[in-house]
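Input sequences plus hints: build the corresponding full structure.
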Amino acid sequence: MTMYQSDEIDNKITQLRKGILELAILSALYRKVHYGYSLVRDMAAAGVPDLKEGTIYPILSRLAKEKLVQTEWVESSQGPPRKYYSLTPSGRAMCEALQDEFRHLIRLVDDAAKASVPAPQSPPGKRIIIGRQDDE
Amino acid sequence: MNSDLPQSVEKIVNDYLGRLAARLQGMPAGDRRELVDEIRSHIYESYVNESAGDDIERILAVLRRLGDPADVISSRMPQAIARLGRGKRAPLYILAGILIAMFGVPLGIGAAAILVGLLAGLLGLMIAFYGAGVSLVVAGFFTSVASVIAILAPGILYSINDMVGSEVVQFGPFQHNPQMAGIIGLITSLIVIGLGLLMLWSGKYLWRGFRFIIVLVGQKVRSIFDHWSREKREPSGIPVPASGHN
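Line by line, the protein sequences are chains A and B. With my numbering, the residue at position 79 of the first sequence is 108, and numbering never jumps. With my numbering, the residue at position 186 of the second sequence is 189, and numbering never jumps.
Incorrect hints may appear among the rest.
What the hints assert, rightly or not - Here are some chain A residues the structure puts well away from chain B; computed CB gaps all over 10 Å:
1. Q34
2. K61
3. E82
4. K96
5. R132
6. D139
What the hints assert, rightly or not - Subject to a maximum C-alpha distance of 30 Å in a straight line, what follows is the list of computed DSSO-like cross-link-like pairs (lysine-lysine):
7. K207(B) / K81(A)
8. K94(A) / K61(A)
9. K81(A) / K14(B)
10. K41(A) / K143(A)
11. K94(A) / K143(A)
12. K61(A) / K47(A)
13. K94(A) / K223(B)
14. K14(B) / K96(A)
15. K81(A) / K94(A)
16. K47(A) / K143(A)
17. K81(A) / K61(A)
18. K47(A) / K223(B)
19. K81(A) / K96(A)
20. K47(A) / K81(A)
21. K81(A) / K143(A)
By construction, these hints were calculated from the structure, which means they are not laboratory data. What you are looking at is a predicted structure, and each value in this text was computed from that prediction instead of being measured. A virtual CB, placed ideally from N, CA and C, is assigned to each residue, including glycine.
The following block contains the structure:
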């Protein structure tokens, strides 16, 4: 039986996190108004591991475009002005709906894990092997 | 900008933001400035909260956490491009979407050929479109002139027929009522002129879409060329063995 490579697992985990990042951002903004950096710090404090900080900006921009968040530039006492993000009413509603769904999914995964049976030794069906042909 | 960063740090930040801005070509200038300002603000906040190391180590740690400029814009770019052409109704934007999807994969010779074909096809379409518009207007104009003559002085048309010796101008069922033929002809020709003008006017959307695709293609070709010339300058690290193994 082949073991999955650890970087394959990493890849899957990264994808999973990417999918949830948007909900994590909405949830952080649900609790509090944030500017970009404070949002990153808040999420890091909440335990979002090795977050590439720049990745939140495309998401924030998309949320703004979808009118789920609103933005406002505010002068800072020191340094450049900050762009603050807050949820719009539809953003709050969206966040609540997504959180409900997320809890439902967690229950689904938990239940499946409890009821799990040992996996078969090798997967049924054909196996496709993709390899690189070496030069002679 | 009122950031009070040390000069060497400021230089590194400006370099980073310059690279970011360069990647945002094609985005509306206002949006681009706003994003760059926002990232500058982020870098500043992150820098003043970073405590470990000297100035350079701190700013490098900040930029490492922030990620490559590509991370900051990853999913922004297609939107930015899509926003280039403001209206989204024209079906050409759907085609543009397909082109974007096509460029998403590495552009091979085949794709380049398809691309050239598509562009040529689009150009032909545009020429045909404008041609049709112009000929509608011209045909409408002459018909309306003839109709006005038929209404005001039908005798001229009869004398043209007499002069040539055959029925150049025919009134069909309105043989004995050329004024009626004139009125119907005038209305029809005005509608035709209107249609032609409408085509010419709506052609600007076609033209805008076409220009948008040209810009898009130009950008992509340039980026591929940049990438290619960079590869040539710094050949990739994988050495090609002369024979099977060494």
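How the hints compare with the structure:
1. Non-interface status of Q34(A) relative to chain B is upheld: no Cβ of that chain comes within 10 Å, the nearest being about 20 Å off.
2. For K61(A), the non-interface assignment is confirmed: its Cβ lies about 16 Å from the closest Cβ of chain B, beyond the 10 Å cut-off.
3. Some Cβ of chain B comes within 10 Å of the Cβ of E82(A); the nearest lies about 5 Å off, and the non-interface call is violated.
4. Distance to chain B confirms K96(A) as a non-interface residue, since its nearest Cβ pair spans about 14 Å, more than 10 Å.
5. For R132(A), the condition that its CB be more than 10 Å from all CB atoms of chain B holds, with the nearest at approximately 26 Å.
6. A cut-off of 10 Å between C-beta atoms confirms that D139(A) is not in contact with chain B; the least separation is 31 Å.
7. Restraint check: the Cα-Cα separation between K207(B) and K81(A) comes to about 43 Å, which exceeds 30 Å; the hinted pair is violated.
8. Pair hint K94(A) plus K61(A) holds up; C-alpha atoms about 20 Å apart against a cutoff of 30 Å.
9. Of the pairs offered as hints, the one joining K81(A) and K14(B) holds, with about 22 Å between alpha carbons and a cut-off of 30 Å not exceeded.
10. Note on K41(A) and K143(A): the hinted pairing holds, with a Cα-Cα distance of about 22 Å set against a maximum of 30 Å.
11. Annotation: proposed proximity of K94(A) to K143(A) is violated, straight-line Cα distance about 41 Å (limit 30 Å).
12. Annotation: proposed proximity of K61(A) to K47(A) holds, straight-line Cα distance about 22 Å (limit 30 Å).
13. Taking the CA atoms of K94(A) and K223(B), the gap is near 25 Å; set against the 30 Å cutoff, the hint holds.
14. Of the pairs offered as hints, the one joining K14(B) and K96(A) is violated, with about 36 Å between alpha carbons and a cut-off of 30 Å exceeded.
15. As the CA atoms of K81(A) and K94(A) are separated by approximately 22 Å, the hinted pair is consistent with the 30 Å bound.
16. For the proposed pair K47(A) and K143(A), the alpha carbon gap of about 26 Å is at most 30 Å, so the pair holds.
17. The straight-line distance between the Cα atoms of K81(A) and K61(A) is roughly 21 Å, inside the 30 Å bound, and the hint therefore holds.
18. As the CA atoms of K47(A) and K223(B) are separated by approximately 27 Å, the hinted pair is consistent with the 30 Å bound.
19. Taking the CA atoms of K81(A) and K96(A), the gap is about 24 Å. The hint holds against a cut of 30 Å.
20. Straight-line distance between C-alpha atoms of K47(A) and K81(A) comes to about 11 Å, which keeps the hinted pair within the 30 Å bound.
21. Between K81(A) and K143(A) the alpha-carbon distance is near 34 Å, which puts this suggested pair outside the 30 Å criterion.
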